[in-house]
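Asks: Take a look at the letters that make up each chain.
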Amino acid sequence: MSKRLFDPQMAVLGTYNRDAPQTGGAATSALRSVLNAGEARVRIRSSADIVAARQQVRELASLVGFSTSNLTLIATAISEVARNILEYAGEGEITVRFIREGNRTGVKIVASDAGPGIADLKAVMRDGFSTGQGMGMGLPGARRLMDDFEITSEIAKGTTVTMKKWL
Amino acid sequence: MTVAALPEGAPAVGDPLRTIVDSYVAAFHTYASEPGEFALVRAYELGRQALIQGLGVLEMATVHSVALTVAFEGAVQHPGRERLLEASEKFLVEALSPFEMAHRGFREANTVLRRLNEMLEAQSKRIAYALHDEAAQLLVPLHLGLADVAHKVTPDIATDVQGMRGLLDAIEERLRNLSHELRPPILDDFGLVPALEFLCTSVSKRWGIPVHLHAAIDRNLAATVETTLYRITQEALTNVAKHARATRAEVSLVRAADAVICSIDDNGVGFDAAAASERRGLGLSEIGERVMGLGGTLSVGSRTAGGTSLTVRIPLEY
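Quick note, the sequences are listed as chains A and B, same order.
Numbering-wise (my numbering), the first sequence opens with residue 1 and increments by one.
Numbering-wise (my numbering), the second sequence opens with residue 1001 and increments by one.
Since the hints were derived computationally from the structure, they do not count as laboratory data.
Incorrect hints may appear among the rest.
Lysine-lysine pairs mimicking DSS-like chemistry, simulated, CA-CA at most 30 Å apart [what the hints assert, rightly or not]:
(1) A:Lys164 with B:Lys1090
(2) A:Lys164 with A:Lys122
(3) B:Lys1242 with B:Lys1090
(4) A:Lys108 with B:Lys1125
(5) B:Lys1205 with B:Lys1242
(6) A:Lys108 with A:Lys157
Hey, can you work out the whole structure from these sequences and the hints?
Replies: As structure tokens, this is what we get:
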């Protein structure tokens, strides 16, 4: 059972600014810790770093109020994009942060690398591009687990994947 | 660490499942004694590996059950049963997560396939219209013109002109047939059951094989489903007429709780699979693809009484 540690609809979240941590009385300590956390940044250089990135997103998303199964889906999406970084760029970084748009709250994950970049984004988002993708995994798999998914890439500059999951 | 002996019935050494089982049992043991992201990543990686190796969800359930049995046997002495259960759920969910990803991919592909089917259907309709209503109409003035010319020329030439008119008739006939094959207008005009009745009657007349239709459906089906069922019946009856040496055939269309089921049976010679793939291969595989596109299933079998039975099942949500 996931515990809902704060009400994401609370008005105080509307004025959230990560550079100016909330001190409002309505905020619980759990909430404050989410707000103060700003964004977590994890360097991805080896598969051990994937563990850390998943750990970060799981903690944050659980504070936001995601269910256990959704936490798993988000962690899985992180694994897939991180795997992609290691495989094609060698290294990169993943940032995780709490987001709010209108009355929605969620988490945003940005995975970026300064690798060779992807010439054909359409091809890379098609199933069957690599072994795992034939089974619906890889980047297309990550896209299906998240609500929003965006990928940009520039040859010789690198690739950035931005994904969001709403509560 | 040493892994406890696996319970009876666990996959034997050498079984491809066994490697996964051993790694899974070890990783679950680690997670149960020290819950953390590291062991969860292992669960996920094992699930991913299993999926790529072609294992299914049921096999993963077996693997998990073995790991749980091993863990419980070791857990009797310490008070960790509740924690073990909680760990069990989290670990399993993690190991199944790649399967969820694959499942979502499958569902998405299915939706795309369905849309593609609808597009093809619409295209067929357009081409059918162009052939029948446009191309065939253009031939009418030509026909009339030739008839007119035939009156104004010598009998010799008139005979030639009549010959040309005969060719025009053949072209018209061909266009009409092509158009009907693409999209039987009777489907649009009267619906599936009358269309099937018409089909059965024409097969009976043309090939001299009585075809009985038993149709019991109480609602309209989606246009793509209707066309698919019509085409399947058409293809199957053609097969029966051409290859089965049957003396009668039966078409049945019924509604189950969540699907529509159409079967075409005959009392012919049945068919042997090898010869069938040569002879009927194209027709059958085309039918199979159409049905798959609608999320349905197709089965072909020999009936005990002799003959062949082809059954198609299409889920009703379509």
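Asks: For each hint, tell me whether it holds in the structure or not.
Replies: How the hints compare with the structure:
Taken as a hint, the Lys164 of chain A and Lys1090 of chain B pair is honoured in the structure, with Cα atoms around 23 Å apart against an allowance of 30 Å. For the hint pairing Lys164 of chain A with Lys122 of chain A, the CA-to-CA distance comes to about 20 Å; that is within 30 Å, so the pair holds. Distance hint between Lys1242 of chain B and Lys1090 of chain B is unfulfilled; the C-alpha atoms sit about 59 Å from each other, more than 30 Å. With a C-alpha separation of about 46 Å, the suggested pair Lys108 of chain A and Lys1125 of chain B falls outside the 30 Å cut-off, and the hint is violated.
A C-alpha spacing of about 14 Å is found between Lys1205 of chain B and Lys1242 of chain B, which places the hinted pair at or below 30 Å, so the restraint holds. Restraint check: the Cα-Cα separation between Lys108 of chain A and Lys157 of chain A comes to about 22 Å, which is no more than 30 Å; the hinted pair holds.
Of the hints listed earlier, those the structure fails to meet are numbers 3, 4, in rising order.
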